[in-house]
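J.: With chain B's structure known, arrange chain W on it following the hints.
Next come the chains, spelled out residue by residue.
There are 2 protein chains.
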Amino acid sequence: MEKVILDGQLVATNIKDALKDKVNVLKEKGVTPCLATILVGDDPSSATYVKMKGNACEKVGIKSLRIHLPKETQTDDLLKTIDELNQDDSVHGILLQHPVPAQIDERKAFESIDIRKDVDGVTSRGYGETALGFGKYPSCTPAAIMEIINFYNIPVEGKHAVVVGRSPILGKPVSALLLNADATVTTCHSRTTNLPEIVKQADIVVAAVGKPNFIQGDWIKEGAVILDAGYNKGNIGDVDYDACYEKASAITPVPGGVGPVTISMLLKHTVKSAEETLQN
Amino acid sequence: MEKVILDGQLVATNIKDALKDKVNVLKEKGVTPCLATILVGDDPSSATYVKMKGNACEKVGIKSLRIHLPKETQTDDLLKTIDELNQDDSVHGILLQHPVPAQIDERKAFESIDIRKDVDGVTSRGYGETALGFGKYPSCTPAAIMEIINFYNIPVEGKHAVVVGRSPILGKPVSALLLNADATVTTCHSRTTNLPEIVKQADIVVAAVGKPNFIQGDWIKEGAVILDAGYNKGNIGDVDYDACYEKASAITPVPGGVGPVTISMLLKHTVKSAEETLQN
Chain B
1 MEKVILDGQL
11 VATNIKDALK
21 DKVNVLKEKG
31 VTPCLATILV
41 GDDPSSATYV
51 KMKGNACEKV
61 GIKSLRIHLP
71 KETQTDDLLK
81 TIDELNQDDS
91 VHGILLQHPV
101 PAQIDERKAF
111 ESIDIRKDVD
121 GVTSRGYGET
131 ALGFGKYPSC
141 TPAAIMEIIN
151 FYNIPVEGKH
161 AVVVGRSPIL
171 GKPVSALLLN
181 ADATVTTCHS
191 RTTNLPEIVK
201 QADIVVAAVG
211 KPNFIQGDWI
221 KEGAVILDAG
231 YNKGNIGDVD
241 YDACYEKASA
251 ITPVPGGVGP
261 VTISMLLKHT
271 VKSAEETLQN
Chain W
1 MEKVILDGQL
11 VATNIKDALK
21 DKVNVLKEKG
31 VTPCLATILV
41 GDDPSSATYV
51 KMKGNACEKV
61 GIKSLRIHLP
71 KETQTDDLLK
81 TIDELNQDDS
91 VHGILLQHPV
101 PAQIDERKAF
111 ESIDIRKDVD
121 GVTSRGYGET
131 ALGFGKYPSC
141 TPAAIMEIIN
151 FYNIPVEGKH
161 AVVVGRSPIL
171 GKPVSALLLN
181 ADATVTTCHS
191 RTTNLPEIVK
201 QADIVVAAVG
211 KPNFIQGDWI
221 KEGAVILDAG
231 YNKGNIGDVD
241 YDACYEKASA
251 ITPVPGGVGP
261 VTISMLLKHT
271 VKSAEETLQN
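Those protein sequences? They're chains B and W, same order as listed.
In case it helps, the UniProt record's numbering puts the first sequence at residues 1 to 280.
In case it helps, the UniProt record's numbering puts the second sequence at residues 1 to 280.
Honestly, I wouldn't trust all of these hints.
To be verified - Subject to a maximum C-alpha distance of 30 Å in a straight line, what follows is the list of computed DSBU-like cross-link-like pairs (lysine-lysine):
1. W:K80 / B:K221
2. W:K272 / B:K108
3. W:K247 / B:K108
4. W:K200 / B:K247
5. B:K80 / W:K136
6. W:K247 / B:K200
7. B:K108 / W:K80
8. B:K221 / W:K136
9. B:K200 / W:K136
10. B:K200 / W:K200
11. B:K272 / W:K108
12. B:K136 / W:K108
13. B:K80 / W:K108
14. B:K108 / W:K108
If you're looking for bench data, these hints aren't it; they were derived computationally from the structure.
What you are looking at is a predicted structure, and each value in this text was computed from that prediction instead of being measured.
Chain B on its own, in the form it takes in the complex (with noise of 0.2 Å):
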């Protein structure tokens, strides 16, 4: 059997073409996507990730609408420019970028987004959609992560899929979108006992916790598909990527994996959101 190497920037790429075509069909119908990004504070790495974002926006002709509020923003403040942005006719999708100053509440901020505008799948109805099997928007990591098995044909159906994570923007929902492909899912975390073992049985593992080398080898049965959601300090995934190469079928290196389709999602779904105005 052949190994895969799972090429995210080959399906980011393929993404973003079909992007462009669809954002020069809907600006022919006199619609521009735009996609509105909220920083508040100065934090490097926020800026860094909210620039990038924008930017990669504006490669595929989605409009980027970039707001900056200062460090001492209060929660009132931040939902009002939500509600503006949600009230907005010409924006199409609104991401909040985490995390917010200390001093906001960061959930109520997060649930007053329009669902409509949820690109980013932060809000608790976007969850709960996509949980039941018809959410418009999943958060972008574990959408990112069915992309690229969607684009990759890997079979899901009655596979085992063993998730370790299970946070509210990637462990969880990922877990629920495998389900919902009709994996049976085993969702691990912190206070799992014996994950080698479980890990072990999975034809499917998405590495979801921000451990840098975490997954190791020995844990890998042969022929599994490993997702590595995993992006530590010094471009370093949750697995210990050449010994779980050596077992896996196919596996997505990092860089270069998951990371660059969770951007691309960002911006289908912005153009999807975009989309939907003109059905109305």
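T.: Relative to chain B, chain W alone:
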């Protein structure tokens, strides 16, 4: 090790006794908790369920507002009724009895229930909040299962829970609740290929499949805890009781297990919703 039969009737009685006291306190403060039930059409089982729920309310002092709409009701009429109940400050919980006649968009109707009155846990926002760990009113059968687990001090943290079934009101939310209680959770379903092997790993088995006597004794690990949420024709659960009883350390009977607790969770949520109105 002594074998424990998990007595749902006992758990339910305890909950209801506590609720009576809470209802009295609320009434002294001028608030009578009220659950509105909506029955659409003439399905006899649905009529029976709604009646049981209404009667259970009254037994603990909750007002039961019973709304019966004709079987020809259209979605818009139902939405109007729900909206009136949403606006009505004397109503604290709204239960739309499933299933509704085919011409109605049931999902749209569920979604229109105000999150503060969604005591039956049917909205996708309610589901999302539950899964993300801050939901107030999970759907009632999953909530009942957790209540039994807590009542009998069954350890959950780090245990392997296997849920057989993935319905939106049972398998999915109970998986979410067990995960939030720090179990490692595997969710199985009709496409699961090696079900007996997976169930055999479980410290906690939740049967939520809707097939009489489906879970076999030789699938059960010695000492497992079994919660049977099935309720099939002739008072038969999803678990082959006699064979599974032999293996289990604790097991719910059918009837008298999860069932009675489920209705008391509906009452509990309604009283909690009434209490919340005082806090605002």
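J.: Hint by hint, say whether it matches the structure.
T.: Evaluated hints:
A hinted pair counts as satisfied when its Cα atoms are at most 30 Å apart, and W:K80 with B:K221 does not qualify at roughly 55 Å. With a CA separation close to 21 Å, the supplied pair W:K272 and B:K108 stays within the 30 Å bound. For the given pair, W:K247 sits about 47 Å from B:K108 by alpha-carbon distance, which is inconsistent with the 30 Å threshold. Restraint check for W:K200 and B:K247: the C-alpha separation of about 26 Å stays at or below 30 Å, so the hint holds.
The straight-line distance between the Cα atoms of B:K80 and W:K136 is roughly 26 Å, inside the 30 Å bound, and the hint therefore holds. Restraint check for W:K247 and B:K200: the C-alpha separation of about 26 Å stays at or below 30 Å, so the hint holds. Distance check on the hinted pair: B:K108 and W:K80 sit about 28 Å apart at the alpha-carbon level, within 30 Å; holds. About 40 Å separates the Cα atoms of B:K221 and W:K136, which puts this hinted pair outside 30 Å; it is violated.
With a CA separation close to 36 Å, the supplied pair B:K200 and W:K136 exceeds the 30 Å bound. For the hint pairing B:K200 with W:K200, the CA-to-CA distance comes to about 16 Å; that is within 30 Å, so the pair holds. A distance of roughly 21 Å separates the Cα atoms of B:K272 and W:K108; the hinted pair therefore holds under the 30 Å criterion. Between B:K136 and W:K108, the direct Cα distance comes to roughly 15 Å. Compliance with the 30 Å bound is thereby established for this hinted pair.
A C-alpha spacing of about 28 Å is found between B:K80 and W:K108, which places the hinted pair at or below 30 Å, so the restraint holds. A threshold of 30 Å between alpha carbons decides the hint, and for B:K108 with W:K108 the separation of about 24 Å falls inside it, so the pair holds.
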